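Protein chains in written order, with our numbering: chain A, 1 to 467; chain B, 1 to 343; chain C, 1 to 326.
Honestly, I wouldn't trust all of these hints.
[Claimed, not checked] Derived pair list, reagent style DSSO-like, types lysine-lysine, alpha-carbon separation capped at 27 Å:
#, chain 1, residue 1, chain 2, residue 2
1, B, 336, A, 9
2, A, 137, B, 336
3, A, 60, B, 135
To be clear, the hints were calculated from the coordinates, so they are not data collected in a lab. Everything numeric in this text was worked out from a predicted model, so none of it was measured.
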Amino acid sequence: MFEDLKPKKINLTEWSHQFRKISDQIIKKYKYYGNQDWGIYLSPLATFMVYGARQLKRLKFDNSFAALRLWGFVFNESERLFRAKQVGKKVIATMGDLGTIPVIVMSFPDCIPFYPECIWWTPFFNESFILLDMATKLGAPEPACFSRAALAAFYKKAYFPKPDLIFASTGASCDDYSCIMQLIEGLGYNPIWIEIPFRRKSRSYFVADDYEHTKWGIDYPKRFETYLMSEYEKVWQNMVEFTDINNRNYLAKSIKNANRLRKLVENIKKLSYEAELAPFPGLELMVIEFGNLYGYADFDEWTDIIEMVYETISERVQKGEGVLNPDALPIAWVTPSPDPYLLNLVEDLGCRIVATEYVINQALVEIEEDIEPFQALARSFLNASLIGSTEQRVRRIIEGVEHGRILGVLITNMLGCSHCAMETRLIQQMLSKVPVLSIDVPAPFGITEQLKSRIAAFVETIRCARR
Amino acid sequence: MRETLTPRERFGLLVIDEKPDRCNIIPLVTSHAAEIARMKLKKYYTNGEAMARAQIAAIEEYGHDAISIFSEVGIIAEAMGSDFDYPDDDLPVIKRPALTKKNIEDIKIPVPKRDKRLPVYLEAIGYAYQSLGDKVPILAYVPAPFTTGMMLSDPKTFLIQTIRDPDHIKKIMEKSLQAAIEFCYDIIDAGALPIIVDPLASSSVVSPKAYKNFALPYERALIDFLHRYDLDIILHICGNTEPILDLLLETGADLVSLDQVDLSLAIEKLSKRMRIIGNFDTSKIAFSSPEEIMEEVKNMVKRGIKSKKGYIASTGCEVPIKTPPENVRTFINAAKEVGWYWE
Amino acid sequence: MIGYTCSYIPVELLAATGLKPYRLLHGDIGLSKDGERLLRIDACPLVKSNIAYIVKNQDKFTALVGSTGCDMARRMFDIVDELTDIPVYVLNNPRTDNPKIFNDEIDWLVKELEHLSNRKLNDDLLRLEIERWENVREQYRTLNKKRAANPSLISTSDFHKAAINYYKGDVDAQINITENHSVNPRVYLIGSAITYGANQILELLEQELRIVGDFNCGISRFLNIEIKDKNLNGIKHAYYNQPPCIFKRPNHKFYEWTSSQLKKYACDGIVAWTLDYCDSYEFELKRMESRFGFPILRIRSDFSFQNLSQIKTRISAFREMLCSKI
Numbered sequence: 001m002f003e004d005l006k007p008k009k010i011n012l013t014e015w016s017h018q019f020r021k022i023s024d025q026i027i028k029k030y031k032y033y034g035n036q037d038w039g040i041y042l043s044p045l046a047t048f049m050v051y052g053a054r055q056l057k058r059l060k061f062d063n064s065f066a067a068l069r070l071w072g073f074v075f076n077e078s079e080r081l082f083r084a085k086q087v088g089k090k091v092i093a094t095m096g097d098l099g100t101i102p103v104i105v106m107s108f109p110d111c112i113p114f115y116p117e118c119i120w121w122t123p124f125f126n127e128s129f130i131l132l133d134m135a136t137k138l139g140a141p142e143p144a145c146f147s148r149a150a151l152a153a154f155y156k157k158a159y160f161p162k163p164d165l166i167f168a169s170t171g172a173s174c175d176d177y178s179c180i181m182q183l184i185e186g187l188g189y190n191p192i193w194i195e196i197p198f199r200r201k202s203r204s205y206f207v208a209d210d211y212e213h214t215k216w217g218i219d220y221p222k223r224f225e226t227y228l229m230s231e232y233e234k235v236w237q238n239m240v241e242f243t244d245i246n247n248r249n250y251l252a253k254s255i256k257n258a259n260r261l262r263k264l265v266e267n268i269k270k271l272s273y274e275a276e277l278a279p280f281p282g283l284e285l286m287v288i289e290f291g292n293l294y295g296y297a298d299f300d301e302w303t304d305i306i307e308m309v310y311e312t313i314s315e316r317v318q319k320g321e322g323v324l325n326p327d328a329l330p331i332a333w334v335t336p337s338p339d340p341y342l343l344n345l346v347e348d349l350g351c352r353i354v355a356t357e358y359v360i361n362q363a364l365v366e367i368e369e370d371i372e373p374f375q376a377l378a379r380s381f382l383n384a385s386l387i388g389s390t391e392q393r394v395r396r397i398i399e400g401v402e403h404g405r406i407l408g409v410l411i412t413n414m415l416g417c418s419h420c421a422m423e424t425r426l427i428q429q430m431l432s433k434v435p436v437l438s439i440d441v442p443a444p445f446g447i448t449e450q451l452k453s454r455i456a457a458f459v460e461t462i463r464c465a466r467r
Numbered sequence: 001m002r003e004t005l006t007p008r009e010r011f012g013l014l015v016i017d018e019k020p021d022r023c024n025i026i027p028l029v030t031s032h033a034a035e036i037a038r039m040k041l042k043k044y045y046t047n048g049e050a051m052a053r054a055q056i057a058a059i060e061e062y063g064h065d066a067i068s069i070f071s072e073v074g075i076i077a078e079a080m081g082s083d084f085d086y087p088d089d090d091l092p093v094i095k096r097p098a099l100t101k102k103n104i105e106d107i108k109i110p111v112p113k114r115d116k117r118l119p120v121y122l123e124a125i126g127y128a129y130q131s132l133g134d135k136v137p138i139l140a141y142v143p144a145p146f147t148t149g150m151m152l153s154d155p156k157t158f159l160i161q162t163i164r165d166p167d168h169i170k171k172i173m174e175k176s177l178q179a180a181i182e183f184c185y186d187i188i189d190a191g192a193l194p195i196i197v198d199p200l201a202s203s204s205v206v207s208p209k210a211y212k213n214f215a216l217p218y219e220r221a222l223i224d225f226l227h228r229y230d231l232d233i234i235l236h237i238c239g240n241t242e243p244i245l246d247l248l249l250e251t252g253a254d255l256v257s258l259d260q261v262d263l264s265l266a267i268e269k270l271s272k273r274m275r276i277i278g279n280f281d282t283s284k285i286a287f288s289s290p291e292e293i294m295e296e297v298k299n300m301v302k303r304g305i306k307s308k309k310g311y312i313a314s315t316g317c318e319v320p321i322k323t324p325p326e327n328v329r330t331f332i333n334a335a336k337e338v339g340w341y342w343e
Numbered sequence: 001m002i003g004y005t006c007s008y009i010p011v012e013l014l015a016a017t018g019l020k021p022y023r024l025l026h027g028d029i030g031l032s033k034d035g036e037r038l039l040r041i042d043a044c045p046l047v048k049s050n051i052a053y054i055v056k057n058q059d060k061f062t063a064l065v066g067s068t069g070c071d072m073a074r075r076m077f078d079i080v081d082e083l084t085d086i087p088v089y090v091l092n093n094p095r096t097d098n099p100k101i102f103n104d105e106i107d108w109l110v111k112e113l114e115h116l117s118n119r120k121l122n123d124d125l126l127r128l129e130i131e132r133w134e135n136v137r138e139q140y141r142t143l144n145k146k147r148a149a150n151p152s153l154i155s156t157s158d159f160h161k162a163a164i165n166y167y168k169g170d171v172d173a174q175i176n177i178t179e180n181h182s183v184n185p186r187v188y189l190i191g192s193a194i195t196y197g198a199n200q201i202l203e204l205l206e207q208e209l210r211i212v213g214d215f216n217c218g219i220s221r222f223l224n225i226e227i228k229d230k231n232l233n234g235i236k237h238a239y240y241n242q243p244p245c246i247f248k249r250p251n252h253k254f255y256e257w258t259s260s261q262l263k264k265y266a267c268d269g270i271v272a273w274t275l276d277y278c279d280s281y282e283f284e285l286k287r288m289e290s291r292f293g294f295p296i297l298r299i300r301s302d303f304s305f306q307n308l309s310q311i312k313t314r315i316s317a318f319r320e321m322l323c324s325k326i
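Same shape as in the complex, but just chain A:
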């Protein structure tokens, strides 16, 4: 697509310039739902800026063709969901569980799962208070997770179509999500509630439960597996009732598809984090990780994009090329930032993200294929970030610190977010062997010089500690 492109991060104008070299034929090659009229998504970032994504003017992006595909596809999601309905597909909102229910939904032909709460990035990409202000008018308090934007989006019906079904998780998921979903129900929607049990870790004095371990070594009471399976059965039955289709073989296939993507993403992370030079920017890597949730509403096309990203990264690693300075300091990022600019900023100030805990572990782990599908789903979900203890959540980061792979930890918090309020100090304590910076993500367009100075000081502290 481009010749002799040296990997680097470029801005929107540079991307527009580069985009001119792409032929019409290539542009037409990539499309979603196979549609040639409106399914084209290979647009430069400027397109989305014209349609209101104002932050794109300030962000920097990877300059690879794969990144162009990735961003075009991600920013096209809203239209894609509307188009899905227009061509007779069913759009199913799957809120709160972050990773498992979509695998079930995708077992039903022409059913497209999506996560309304992923709209939390929109106020930041748009540098806009429209959704947040509307959420406040509808009852969401201001100190709460930015995913409250989903409430406004449901009200406005302009960011995604009215879902045909809504599965909403509650229990040991984030309270803010659950409260937002409850308000959404108050708008006249009718979610099917799914209960997520708290994953109680084993203790020496417990005698009553049999415990199992997940693939990632997290212990859980065995009976919670059965409990989750019954909840997934409920999802399945609702889908059967809705679609009049009942074929469990499709579920096995759906799990295979999910695993294909999960393996790719795991390999991408491994390659990126272990390479001598960072082959891909942290912002794109975050978007890739979140793609595991539901493939941005076209799972097959997204997987194809991720394959291309994997090839790009592999090639760069082979050639020893990177997008960041060779002396960038390896850090872990805990809790995803709703403000994409922060990821740019942290890299610009000298860090390199080599480990993440974006509260979606359950969407990263492979699902077992040699056991009963619902059991496999339950066992994969039991790796979830937010349903257990803080120690379990950051265990992998702690290991990275112990092994010297991680020299600093950045935690992003949302004021009023229940798990941030409770976990951050504890995480700071658990990771105190390295510098830890905890920052509150400000409202859109709110990153100040003061915050930049704090991050710069954090970087300097890591540098000093390394010396």
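Position chains B and C against the provided structure of chain A, taking the given hints into account.
Same frame as chain A, now just chains B and C:
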């Protein structure tokens, strides 16, 4: 009825074939905005920030659904070498077309960030985008190659050459197209959606045949370029376009803004593939009573919202500069009264 | 003592271990500030206070029983676990209309408590405890009738002082409440927990209003537990079927139940007491206004009570507004 959406959201739904809460209402408030901002016209069209401020003042005054960055159609021709006078209280007036001074081969493609008043537009877009870009779409009017071509020449000679020396005209067109593409390129990067305006291609000015041979191919080429960006492109041709309605489908425009056309006929012919914009008579908005405007706009909008692929309530052409604000308000109120899609 | 945090935790089971059930309802600014050393400022003040209280008084607790009532309440035991050696048992309480997990969790809790106390929680023992606690609840129910009478005969402030005995496990304490008639506007109190230290806010409210009913943890919610079958199943049934916590999804039953109480108690208005960052109520306040159709006085607190005079003025204005409606 309560408005649920911002103009940006409303426009966003329209271009993906979804019905918004109500129809978009975008009367072509261009230089009339200077009047609202109590600004000298010369300041409006020579100072980007002033143009944006005037447009924002108009949005605040009327609450319509888009910002229109525009003064007159000579802007590219001027950057290519045509001379214009800048009267204090009127729009620029062409003094000497470029092709009366030099050959087409000697005319350079302008650099939009540098040449003549093109930077004024870009500055205006940047300012408006920063101020209201999250809520309101910014539309930047780009003269189509045919209109620019005619502004590069003496109009009479130009029209004669369409018959006597079509190759020469095509050279002019090619260059004008390149200039328009470069301008669009920077407009997009500044944050606006280009609208292609081709008033001099109207059937009030040229024959359908001349339109087909010299205007349409370059409109389409420009639209094709913009489609590479996956943008939804508006084509505006004022005056009478009834004789070329069928040809408009060939331009590839996603939205078509019409003036002196029977709206029902336009809907019948175009609305399966295009969204329709229009088409309230601009002399009526300037001179009719609010009561008359109210009634006629309602009738227009009631017909317009039946358009299959969507409809924008608008004026057929620019709102005349001296139009009483009361009339524009009435236009908007009338459209808001009857233009609802949602229950 | 065995500490516990939630209305869904059966006090009878805790008491059957031979330990004294102690409801963690601490809320004062001093403790809350201490808790802030361990948590972010935007943590719930009740949780901050409770953690600080537990850490300071860890010798008093043999065990702690928590629930997943809300995210912060559940996570507080992560902190406790890090800072103390007290055994903690966090059970999943009902968050949707599905009794299975709750019933299983109660079975689990029973086994763990048996192991902890080295005592079999058999039917006989449970019957004894159920009768003991039912008897106490019955006494409070009698008092509650007086509180709800029209005109109201006892104040909620006095009721709360007495109910503290229940929450602290002092079930044998004498319950004496002097009658104190009031013809002030009748209000219903809902919202976050009323802690041991929050009695002053009740007193302040009742200088101008009379609280005749409530749905806050910490006052009279326990009266809704009525165990008919004096065995473990009876416990499960009574606790599961109590008027639902606002956090149960969907929460329309909370609204239905509260609406019925508002009618039953002939209330004129509602006082919504919310602690800072208490998601369960903060998110619902706006909806409550439209769903209940009663005037609502919103009082937000971090237990500092620094703004009492301001609150007092607002209470007066609220009273005036209610009187003009009556």
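We went through each hint and held it up to the structure:
For the proposed pair residue 336/B and residue 9/A, the alpha carbon gap of about 46 Å is over 27 Å, so the pair is violated. Our distance criterion of 27 Å between C-alpha atoms is met by residue 137/A and residue 336/B, whose separation comes to about 23 Å. Distance check on the hinted pair: residue 60/A and residue 135/B sit about 24 Å apart at the alpha-carbon level, within 27 Å; holds.
Of the numbered hints listed earlier, the single one contradicted by the structure is hint 1.
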